[in-house]
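Enquirer: With the hints as constraints, model all of the structure from the sequences given.
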Amino acid sequence: MSVVEFASAPRVDLGGAGIVERLITPPTQRDIQIIHMTVDGHGHGEEEPYTMNCTTESVHVITGSFVVRTSAEEFTLAAGDTLTFPGAEPHTWRNPTGEKAEVLWVLTGVS
1 MSVVEFASAP RVDLGGAGIV ERLITPPTQR DIQIIHMTVD GHGHGEEEPY
51 TMNCTTESVH VITGSFVVRT SAEEFTLAAG DTLTFPGAEP HTWRNPTGEK
101 AEVLWVLTGV S
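With the working numbering, letter number 4 in the sequence shown gets 4, and the count goes up by one each step, no holes.
Computed cross-link-like contacts, SDA-like style, restricted to lysine to any residue with a CA-CA straight-line distance of at most 25 angstroms:
(1) K100 / T63
(2) K100 / R22
(3) K100 / R11
(4) K100 / G18
(5) K100 / L23
(6) K100 / E5
(7) K100 / V20
(8) K100 / Y50
(9) K100 / H60
(10) K100 / Q33
(11) K100 / T84
(12) K100 / A79
(13) K100 / L83
(14) K100 / S8
(15) K100 / I24
(16) K100 / A7
(17) K100 / V67
Simulated from the structure, these hints should not be mistaken for laboratory data. Here the structure is a predicted model, which means the values were calculated and not measured.
Expert: Printed below as a string of structure tokens:
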């Protein structure tokens, strides 16, 4: 068992702009990684869609609005919504509003 206190959770940088990302699971944990993101208004991921080296990704919106664009479609998520998709699916994302958004990004089967 392991506890990661939010105040001491390491910052990570997965690319994009207007984001503070913290790894809130132990850094050595590979079965699941949870990243807490605070996204400034109009913050965004990479311009070009990208993939993650994992089996599955889930995005859960705690507060605000969040848009995830995949190769197939665009998903507009509100607080309380969760999107799950394969880690091999090309995607990018953005905060479509001027308000901050708070998001949990969950990766399973991280290689």
